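Number of protein chains: 2
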Amino acid sequence: MDGGPRWDLRSVSTEVIHVRMLIHAGAGNLSRDSDLGRLEPQMLEGLRHALRTGHDILRVGGSSLDAVTEAVACLEDNPLYNAGRGSVLTREGRVEMDAAIMDGRGPRAGAVACVGTIRNPVRAARSVMEHSPHVLLVGTGAEAFARDHGCTLVSPHHFVTPEMYAYWSSLAPSEDPRLEVSAGGTASKRGTVGAVALDQQGNVAVATSTGGLTRKMPGRVGDSPIPGAGTYACNRSVAVSFTGSGEHLMRSVAGHRLAALVEQRGLSLAEAVTVLLGELTAAGADVGLIALSPQGGWCIDFNTTAMLRGVVDAAGTITSAMFIDGPVRRQAG
Amino acid sequence: MDGGPRWDLRSVSTEVIHVRMLIHAGAGNLSRDSDLGRLEPQMLEGLRHALRTGHDILRVGGSSLDAVTEAVACLEDNPLYNAGRGSVLTREGRVEMDAAIMDGRGPRAGAVACVGTIRNPVRAARSVMEHSPHVLLVGTGAEAFARDHGCTLVSPHHFVTPEMYAYWSSLAPSEDPRLEVSAGGTASKRGTVGAVALDQQGNVAVATSTGGLTRKMPGRVGDSPIPGAGTYACNRSVAVSFTGSGEHLMRSVAGHRLAALVEQRGLSLAEAVTVLLGELTAAGADVGLIALSPQGGWCIDFNTTAMLRGVVDAAGTITSAMFIDGPVRRQAG
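Taken in sequence, the protein lines are chains F and C.
With this note's numbering applied, the first sequence corresponds to residues 1 to 333, in that order.
With this note's numbering applied, the second sequence corresponds to residues 1 to 333, in that order.
FYI, nobody ran anything at the bench for these hints, they're computed from the structure.
Each hint should be verified, as a subset may be incorrect.
As the list claims (entries may be wrong) - Under 10 Å between C-beta atoms, here's a sample of chain C residues computed to sit facing chain F:
#	residue
1	Ser34
2	Leu36
3	Gly37
4	Arg108
5	Leu136
6	Gly139
7	Trp168
8	Leu213
Stated by the list, open to error - Calculated from the model, a selection of chain F residues having no Cβ within reach of chain C, i.e. all distances over 12 Å:
#	residue
9	Arg38
10	Thr90
11	Ala283
12	Thr319
13	Pro327
A quick note: this is a predicted structure, and the numbers were derived from the prediction, not measured.
Note that the Cβ used here is the ideal one computed from N, Cα and C, for glycine as well.
Let the sequences and hints guide you as you build the complete structure.
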């Protein structure tokens with residue numbers, strides 16, 4: 001896309017795939033010969049492993065909720081992505097993770113934010129949804145709840161990989177925290193992970209998990225754990241998981257906005273994504289999304305040069321890609 | 001309303017008031033001869049003081065953002081309401097407060113959650129919006145940021161009134177946290193506070209602040225600090241602040257849903273409130289809302305027997321009420 005438009009839906013292919021599950025692991029502007037670009041084979045293999053895990057659940061009649069939980073847990077345990085082990089570090093050199101899950105039935109939601117000792121934040125988010133009267137728990141309260149409900153707690157050091165610590169150490173602190181987050185965020189490129197799935201009962205579900213922004217302020221909570229912002233699912237409209245400029249996604253309430261464009265304005269999913277990505281691009285946000293409707297319509301799109309993404313269809317065929325010229329960047333439904 | 005429907009829009013009056021600002025301090029099912037019902041005169045006087053404070057800013061051309069900030073700060077400092085001083089206590093006997101502010105221009109948003117030492121959480125939320133790259137900060141990270149940006153920090157004991165401590169002490173812990181929160185929440189009745197305003201420049205703004213639910217789990221974050229849930233403002237649609245069953249409001253993304261019913265489906269504000277309150281009532285939520293459009297349309301409505309509420313019009317005339325048979329429960333615009 002060098003020299004061309006960064007975001008051009010005319011380049012989108014149009015083949016039809018009956019999708020069971022979509023997955024992402026972040027979007028950003030980077031090239032194939034960057035440090036991260038050279039990790040493409042390993043990062044795509046991690047996505048395929050997560051897709052296989054989810055598909056194994058869906059093909060035997062399991063729930064979309066189980067599929068997104070297990071797929072995202074795979075990505076959290078893989079140190080290549082910015083979620084669970086491998087998360088980026090705050091200004092103070094700590095890992096603070098956010099995660100959310102939504103069940104299109106209801107809809108129901110659960111989330112945790114600003115947690116540093118829960119091995120799989122997505123499992124804690126699901127426990128909040130299923131075993132508490134609340135939707136969002138943060139900090140040590142969330143960690144105590146997770147421990148009491150069977151989630152595995154680990155040392156904060158579990159999450160810090162040598163690569164991410166070295167990267168954090170190499171960054172010069174800035175006097176202006178606005179610049180600092182911005183610079184760190186685009187230099188790092190390691191992305192939020194998420195999954196959406198549709199099960200044989202016709203229910204959609206979504207899960208998103210992240211370490212957030214490099215050198216973010218302590219206590220910062222982004223879009224991922226906010227139902228309606230970076231994570232949203234409802235059987236009346238769509239399941240969607242975002243990655244990218246979290247604060248833009250929070251201000252625009254991006255997840256529910258996509259659902260409202262479908263449910264309230266009556267747009268197709270493809271039209272709704274075009275409208276929303278247009279608004280976010282105009283606002284200066286770098287974003288990507290995966291979306292799946294209860295009718296099987298789906299979309300992966302982004303306004304950056306790369307987005308780690310993959311799909312698995314009903315036959316178990318997996319397609320994955322990292323750069324804008326790869327497959328699986330299209331709209332249907 | 002004894003024996004009659006709890007929520008009946010046919011009872012709504014229809015006089016037109018040119019409103020500058022709306023305010024609320026919680027909604028619940030209670031009677032005039034309850035402990036809280038007998039505090040009606042003092043609680044309405046606190047609302048009127050906050051409305052006068054906001055109006056004094058708006059009438060000289062001040063911003064809606066300043067008006068909602070100062071009005072909500074008044075209510076936070078008043079121990080009669082469940083926000084700032086006078087907040088309810090968690091299961092562990094602590095105060096954990098949430099607040100958010102949104103500026104209809106942009107829109108922009110800032111919020112803090114799970115904070116226990118910031119005298120006026122609404123001022124901290126505004127600092128997050130204006131002086132950080134983030135939208136939501138929680139816990140000690142939020143407190144450190146607030147301190148560094150000139151907000152007054154106080155001892156956690158500042159917030160705990162003798163009445164609220166005695167009330168907390170009187171509650172028997174339950175083995176089932178779902179029942180515990182539910183029982184505490186309806187027994188307490190002290191409500192979240194919020195304000196929406198429209199300034200002479202045509203900009204809307206909203207602020208909401210709360211101590212949350214009595215005996216909530218430590219770390220619980222409710223709808224109030226979530227842009228799009230309990231707090232939302234956009235010059236394209238509406239400014240709205242909610243009170244009531246926070247988890248229902250989070251799952252339904254109530255604030256952005258109201259905006260979408262206006263902006264995407266094309267309903268009037270009155271129609272949109274009817275649809276949304278119908279959905280929330282069907283889901284079993286006890287809720288109230290104040291909403292104001294950039295065109296001056298406004299609405300206060302609730303599906304409980306009481307909601308502390310007030311309006312100030314362009315001439316400075318203040319009307320306030322607590323029970324369902326009082327004035328200022330209607331729809332316009």
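Checked hints:
| no. | hint | verdict |
| --- | --- | --- |
| 1 | Ser34 | violated (24 Å) |
| 2 | Leu36 | violated (22 Å) |
| 3 | Gly37 | violated (26 Å) |
| 4 | Arg108 | holds (7 Å) |
| 5 | Leu136 | holds (4 Å) |
| 6 | Gly139 | holds (5 Å) |
| 7 | Trp168 | violated (17 Å) |
| 8 | Leu213 | holds (8 Å) |
| 9 | Arg38 | holds (30 Å) |
| 10 | Thr90 | violated (8 Å) |
| 11 | Ala283 | violated (9 Å) |
| 12 | Thr319 | holds (32 Å) |
| 13 | Pro327 | holds (32 Å) |
Against the hints set out earlier in the document, violations occur for numbers 1, 2, 3, 7, 10, 11.
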